[in-house]
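Asks: Using the sequences and the accompanying hints, generate a full structural model.
4 protein chains.
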Amino acid sequence: MTPPSRDSTSESDLDLDYKTAGFSKRLGFGRRPALVVIDFCHAYLDADSPLYAGVEDARVSSERLLRASRAAGIPIIHTRVEFQPDGANGGVFFRKVDALRCFIEGNPLGEPGPGLEPQPGEVVVTKQYASAFFGTSLASTLTALGVDTLIHAGVSTSGCVRATALDACQHGFVPIVVREAVGDRDQGVHDANLFDLDAKYADVVSEDETLAYLHGLD
Amino acid sequence: MTPPSRDSTSESDLDLDYKTAGFSKRLGFGRRPALVVIDFCHAYLDADSPLYAGVEDARVSSERLLRASRAAGIPIIHTRVEFQPDGANGGVFFRKVDALRCFIEGNPLGEPGPGLEPQPGEVVVTKQYASAFFGTSLASTLTALGVDTLIHAGVSTSGCVRATALDACQHGFVPIVVREAVGDRDQGVHDANLFDLDAKYADVVSEDETLAYLHGLD
Amino acid sequence: MTPPSRDSTSESDLDLDYKTAGFSKRLGFGRRPALVVIDFCHAYLDADSPLYAGVEDARVSSERLLRASRAAGIPIIHTRVEFQPDGANGGVFFRKVDALRCFIEGNPLGEPGPGLEPQPGEVVVTKQYASAFFGTSLASTLTALGVDTLIHAGVSTSGCVRATALDACQHGFVPIVVREAVGDRDQGVHDANLFDLDAKYADVVSEDETLAYLHGLD
Amino acid sequence: MTPPSRDSTSESDLDLDYKTAGFSKRLGFGRRPALVVIDFCHAYLDADSPLYAGVEDARVSSERLLRASRAAGIPIIHTRVEFQPDGANGGVFFRKVDALRCFIEGNPLGEPGPGLEPQPGEVVVTKQYASAFFGTSLASTLTALGVDTLIHAGVSTSGCVRATALDACQHGFVPIVVREAVGDRDQGVHDANLFDLDAKYADVVSEDETLAYLHGLD
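Residue numbers (our numbering), protein chains in the order written: chain B, 5 to 222; chain F, 5 to 222; chain A, 5 to 222; chain S, 5 to 222.
A couple of the hints might just be wrong.
A pair counts as met if it fits within one copy or between any two copies, since identical chains are not told apart.
As the list claims (entries may be wrong) - In silico SDA-like links for lysine to any residue, alpha-carbon gap of 20 Å or less:
| # | residue 1 | residue 2 |
| --- | --- | --- |
| 1 | Lys29 | Tyr217 |
| 2 | Lys29 | Gly91 |
| 3 | Lys23 | Arg105 |
| 4 | Lys29 | Asp17 |
| 5 | Lys29 | Ser16 |
| 6 | Lys29 | Glu109 |
| 7 | Lys23 | Gln191 |
| 8 | Lys23 | Tyr56 |
| 9 | Lys29 | Asp50 |
| 10 | Lys23 | Asp61 |
| 11 | Lys23 | His219 |
| 12 | Lys23 | Arg71 |
| 13 | Lys23 | Ala57 |
| 14 | Lys29 | Val127 |
| 15 | Lys29 | Arg68 |
| 16 | Lys23 | Ala216 |
| 17 | Lys29 | Asp19 |
| 18 | Lys29 | Glu213 |
Don't read these hints as lab results, they were simulated from the structure.
Replies: Structure (structure tokens):
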């Protein structure tokens with residue numbers, strides 16, 4: 005496969021082209037946010053894992069968001085991937101990506117990263133697919149809670165973060181993707197996906213802006 | 005937003021990195037394919053449309069796939085986007101992307117491109133979101149038909165094609181994305197999305213390989 | 005098939021048995037309701053239709069709910085069933101129920117009943133299955149509007165009304181089923197389904213209580 | 005609530021009325037079945053459970069279906085209900101039905117009934133709602149396996165069995181409900197729901213017919 009490359013258009017031209025065409029509008033934070041920390045487990049953090057992504061900075065940013073979200077008292081969701089042995093419940097996705105074998109039940113790589121462990125009362129969503137909404141009751145939980153905005157942290161930008169933010173938008177929630185709190189194994193892939201997300205589905209914002217918003221909630 | 009760029013890793017290094025990590029396996033064509041032609045309407049083909057994407061080559065490729073699919077007698081799905089006035093049924097997506105106003109009911113930009121008109125007996129899926137599976141009965145139609153493989157043509161690679169192929173994988177269908185038959189307004193964005201799709205969710209294959217497969221069906 | 009019958013338990017014993025077991029709690033109206041008028045078309049109202057159900061009283065009640073909802077300014081949803089010729093998009097459901105042929109596109113039996121026509125700005129959901137949520141973007145529309153409560157009117161109690169109220173509950177909305185505004189071709193079937201709905205998924209309430217609630221909204 | 009009653013129409017008249025109107029067609033078993041055993045846990049079998057339903061006969065019938073399905077080598081799905089403490093992931097359904105507290109994680113009432121324990125290689129679906137398809141990846145698993153027919157056993161007929169069979173139909177699978185293998189706390193409620201299922205969504209068949217079908221698979 006040809007990996008991502010940028011040759012046809014300069015950066016600023018591309019931004020301008022998208023804005024003129026009618027992409028990239030700001031949705032803005034809503035009034036009832038929830039935080040979702042997506043799949044941030046040892047598989048992405050341990051140097052000897054096949055999925056190691058070098059995303060310690062994003063882990064630290066996610067930890068700060070978790071703390072601020074707990075202080076603000078908003079609903080907090082943690083997602084984790086888990087498959088039965090042999091991927092009996094993994095369908096086509098499990099066949100496509102051998103690396104998903106890290107998430108067969110019992111594998112310690114599936115445990116949450118340091119500082120990101122769920123606390124009592126926080127929702128833990130177990131999933132088999134990229135989107136945290138797909139094949140889970142996440143949308144129902146958020147709707148029953150009256151949530152209107154979903155703040156995204158976690159990994160990976162090109163995989164489960166993008167798929168989740170896409171689905172958040174499709175399900176009727178404002179997706180906020182916190183730039184520093186999401187990460188990917190390759191910087192170019194990370195950037196390309198933040199570009200698409202910001203153009204079409206989500207507001208990509210800084211951690212600072214998000215923390216200020218959380219602090220401002222009553 | 006920073007647009008996509010490639011600076012951290014050379015192309016071949018990135019491919020190797022992904023393969024070693026356990027991405028990018030071939031799923032292979034199944035036995036009961038269907039073709040989906042995604043949103044290939046005047047909005048992307050007419051030079052004075054805000055969504056004009058310069059994808060005439062992809063249109064011609066899609067037309068060849070349509071002819072071969074009709075000759076092979078496989079199910080054919082066409083998708084179209086349509087919103088009520090003011091986007092009453094468009095939710096967050098309609099708020100995010102002003103360009104979606106092209107698809108308010110009655111706008112001729114929403115009509116299928118030349119050579120891509122549905123024929124009697126072919127399924128037409130009307131949708132409001134990026135994925136052709138989201139908020140539609142497409143998965144049910146494919147399952148009831150016994151389809152196991154969904155061949156993707158249409159626009160745009162970074163938008164509705166990727167969202168649909170992701171969902172095809174999530175729903176249990178083998179997604180085949182035909183490289184020449186999908187298109188986007190920017191080459192770098194197009195390439196970056198084909199890279200992600202091929203790594204994680206779909207087999208990205210050539211038109212030639214797809215036509216040979218369709219000709220070989222009994 | 006054995007049709008519904010009541011022989012094992014008297015009415016009051018059954019109510020008591022359910023309450024003691026922990027069913028039938030009141031959810032209560034929320035703060036952001038929407039009204040859904042389900043499939044209330046000529047197919048159920050015209051005496052020569054195979055689906056004629058003798059539900060003129062429910063139509064009149066639904067009309068009163070529509071007027072009160074418009075006066076209260078809450079979102080209003082109308083659902084309609086429509087299939088392509090030969091049920092190409094009707095899947096297993098279309099194979100099971102021959103009567104669904106009334107809803108092939110172009111059949112005037114699919115048109116809304118007198119007094120129930122959608123007005124501009126109201127959402128019309130076209131569906132192929134029993135639940136108004138299944139294969140449609142209804143949940144997304146409601147979530148994007150911040151709706152927390154869905155008031156149900158329409159037909160039939162045992163079919164599309166029950167399936168929709170079940171899904172409303174599953175999706176995170178409080179389902180209110182207005183007893184006088186829903187109807188079915190057989191009184192015993194109607195009653196049996198209201199019993200199940202009230203026990204497990206929805207609050208079954210009177211038209212009077214619903215109108216009082218709507219009048220009281222600011 | 006008025007519980008189910010039958011006063012308007014005699015049994016045979018109702019059957020005739022439905023058949024004439026175009027309900028109740030036979031779908032017939034397909035070629036790639038799977039068995040689903042729905043929620044058949046101690047909560048329904050232990051005499052001191054609030055959900056005790058007196059369905060030992062259905063348990064024995066389900067056990068026979070399990071054995072025949074294992075012998076035939078078809079995919080087997082077990083569903084179970086599980087909520088986090090306080091129903092944090094239970095939404096509106098958990099608020100409506102107090103009896104669902106039996107299914108908070110760790111409660112032994114949620115364990116499978118005797119003779120119904122999952123074996124290695126069988127899929128276990130954990131759910132929070134009535135339908136085994138809702139908020140789970142069941143449909144994806146079945147589609148990826150090429151299943152076309154879903155044989156239903158378990159409890160309760162009016163609750164999770166009906167909701168699952170409805171969704172099986174909506175998702176494109178032929179739902180087979182095995183009369184002796186499903187059960188409910190009240191006979192009249194059980195009968196009323198089998199009537200609706202057979203009329204609209206599923207084939208309700210005998211255990212004998214199902215066993216003969218399973219024995220005949222190659």
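Asks: Taking the earlier hints as the rules, which of them does this structure contradict?
Replies: The structure conflicts with hints 6, 9, 10, 11, 12, 14, 15 and 16, although it agrees with all the remaining ones.
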